[in-house]
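Peer 1: Given the coordinates of chain A, work out where chain B should sit on it, guided by the hints.
Protein chains: 2
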Amino acid sequence: MVPLPPTLSRFLSRYAMAVDAFISDHVRGMPEQLYAAGLHLIRAGGKRLRPAVVLLFARALGGVESEHRAVPLAAAVELFHNFTLIHDDIMDEDETRRGVPTTHVVYGRDMAILAGDLLHAEAFRAVYRGLEYGLEPEVVAKAAGVLAWAAKRVSEGQALDMAFEGRWDVTVKDYLDMIYLKTGALIEASAALGSLAAMGDEGYVEAARQYGRLVGVAFQIRDDYLGVYGDPAKTGKPVYSDLRRGKKTILVLHALQALPRERAERLRSILGNPAASEEELAEAAELIRESGAVEYAMGLAREMAENAQRLLDDLPVDDSTAAEALRELALFSVERER
Amino acid sequence: MVPLPPTLSRFLSRYAMAVDAFISDHVRGMPEQLYAAGLHLIRAGGKRLRPAVVLLFARALGGVESEHRAVPLAAAVELFHNFTLIHDDIMDEDETRRGVPTTHVVYGRDMAILAGDLLHAEAFRAVYRGLEYGLEPEVVAKAAGVLAWAAKRVSEGQALDMAFEGRWDVTVKDYLDMIYLKTGALIEASAALGSLAAMGDEGYVEAARQYGRLVGVAFQIRDDYLGVYGDPAKTGKPVYSDLRRGKKTILVLHALQALPRERAERLRSILGNPAASEEELAEAAELIRESGAVEYAMGLAREMAENAQRLLDDLPVDDSTAAEALRELALFSVERER
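If you're matching them up, the sequences are chains A and B in order.
This note's numbering numbers the first residue of the first sequence as 302 and each following residue consecutively.
This note's numbering numbers the first residue of the second sequence as 302 and each following residue consecutively.
So that you can see chain A by itself, here it is in the shape it has in the complex (with noise of 0.2 Å):
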């Protein structure tokens, strides 16, 4: 069990708290049944690694108040991310998430669709009260466009993701480009918050974004291997989802490209097949792990991570503990189990 970095672990308990606050606080109406089906996910748990992002930029460049004001910031970017988790799920028929059943599951689709539509409406509504703690309404109108950028970015990764299901043409810089906007690209928005809160000049706006993609594709690199090597119990989802869909994640590319003709052929034929059997897929897992495509795809990310932590070290450091904690989860984001 990889346990989580210290400094990072002090922080993310602190910003768990204060966002799910924010959270409680402001989305709140009627009827019942819409906002308990938009808070499900989020009450379930999650690691709110993205909030975290967002308030460790805004403390490590401005300090404590930028911290302060970029709370809302930060809940708007967990809100965003609930609402793509809950149309994901219905759009990839998921049953469990974080060790729950899926908001389609318990509300029913429909239900679901429009909790997810809340909670992107809520993302935005949590910019706008940046207003409220302080922002400047230039940082707020400029965090909308991040945000929405975002969102346009995140929409096209899904659809890409989608369409690669059924093409085997797809190569590993189509990949890694898809992963980049499915879930790099949140995580780049989350990183341009926190350093816009602290109205860092655009210099390091961009280099926090550049992290933020880096980070992003590292820890989506990561999701991936835990969707076939990880523990059920500890990532909440079950796992060879990934492998029954003919997912096309960075393992099964390389597999498929590094493999002798034969068991390549043989993977192929186990993945994408609705009906593959428990040990079919125990084999396409193991036939990926012979491929060598583990270390590769680890050894790729955990390059992107340190790349990340480099970047690090040209910003004007306000608080050095929260720079610490960036550190941390970049790494942390290669080498979690959940």
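Certain hints may be false.
Pairs count within a copy or across copies, as identical chains cannot be separated in the list.
[Stated by the list, open to error] Derived pair list, reagent style DMTMM-like, types lysine to aspartate or glutamate, alpha-carbon separation capped at 25 Å:
| hint | residue 1 | residue 2 |
| --- | --- | --- |
| 1 | K538 | D411 |
| 2 | K348 | E581 |
| 3 | K474 | E607 |
| 4 | K538 | D321 |
| 5 | K474 | E333 |
| 6 | K348 | D393 |
| 7 | K535 | E584 |
Simulated from the structure, these hints should not be mistaken for lab results.
Peer 2: Only chain B this time, still in chain A's reference frame:
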């Protein structure tokens, strides 16, 4: 055939061009299918009444320069509206709109969910682009807040609308509250955005909001009327689908109260029965008419439209032609046949 009022008509065609040009310039990206799905209904037509409310208020209160600055906000409202149409059509299982097959019929359910999410994001991105059109950061920040507020209200309205389908204890007041959320809030937001762009002070924004609220509710009452008595060749929507689904429109609610018991029972037995024949649905439409519900509902809608018109008298009008078009728009919203 009720013709478009002359002054409004001149503005509408020019505004539709400006908004459509903004949308095709800004709503671009890959994969192609996602953007094609997102633009499907927008390309199929529509009256562009909501952006006209934005631009007419901007012009009426601030002249042609404000009108120009408000174009991104007008586009935002149209993008947002089309997002809600795409998702509503999935939930309501509607197959035709604006005379074409709905988005999920053409592109499949998952792509339609995503296309709606994309337009939701693009709406906020359009607001942000207001900065490039010369809107002050403070106006852009407030505009994002107004749109997010409306987005929250619209989700609530749609959730209530769905909940009402299974209930028989809905009152006319419940109905009016619901359509305010579902339709009125976005037209209210349109009016607020236009007057914000004109940088009218808060008092005028409030009067504009009230106009939007009244016109929005009146517009929806007319919509419910057209859903039963409209000509599908003009509305672009199939007739009677609200009756078949048992939607609790003001017509239905009034008829159930006003009809003698036996006839009310007969009406109730047809409503929400998916197996009801065309003859039975026509009979239901006739029962509603003989109850006096049409006079009641359209009388109420007309009263709201006239109250909305009166609100314009107190505004500090800069461009009286635009104010005249807003007067016409209020009345048109309750007289329109499409």
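Peer 1: How would you label the pair K474, E333 (within, between, both, or neither) given a Cα cut-off of 25 Å?
Peer 2: between (44 Å within a copy, 19 Å between copies)
Peer 1: Are the CA atoms of K474 and E607 at most 25 Å apart within a copy, between copies, both, or neither?
Peer 2: Intra 20 Å, inter 60 Å, cutoff 25 Å: intra-copy only.
Peer 1: For K348 vs E581, is the C-alpha pair at or below 25 Å within one copy, between two copies, both, or neither?
Peer 2: For K348 and E581, the Cα distance exceeds 25 Å both inside one copy (32 Å) and across copies (55 Å).
Peer 1: Is it within, between, both, or neither for K538 and D411, if the alpha carbons may be no more than 25 Å apart?
Peer 2: both (23 Å within a copy, 21 Å between copies)
Peer 1: Go through the copies and call it for K538 and D321: within, between, both or neither, with a Cα cutoff of 25 Å.
Peer 2: For K538 and D321, only the intra-copy Cα distance (22 Å) is at most 25 Å; the inter-copy one is 43 Å.
Peer 1: Under a CA distance limit of 25 Å, which applies to K348 and D393: within one copy, between copies, both, or neither?
Peer 2: within (22 Å within a copy, 35 Å between copies)
Peer 1: Reference check for the pair K535 and E584, CA-CA at most 25 Å: within, between, both, or neither?
Peer 2: Close inside one copy (22 Å), not across copies (59 Å); limit 25 Å.
In summary, the one numbered hint that this structure violates is 2.
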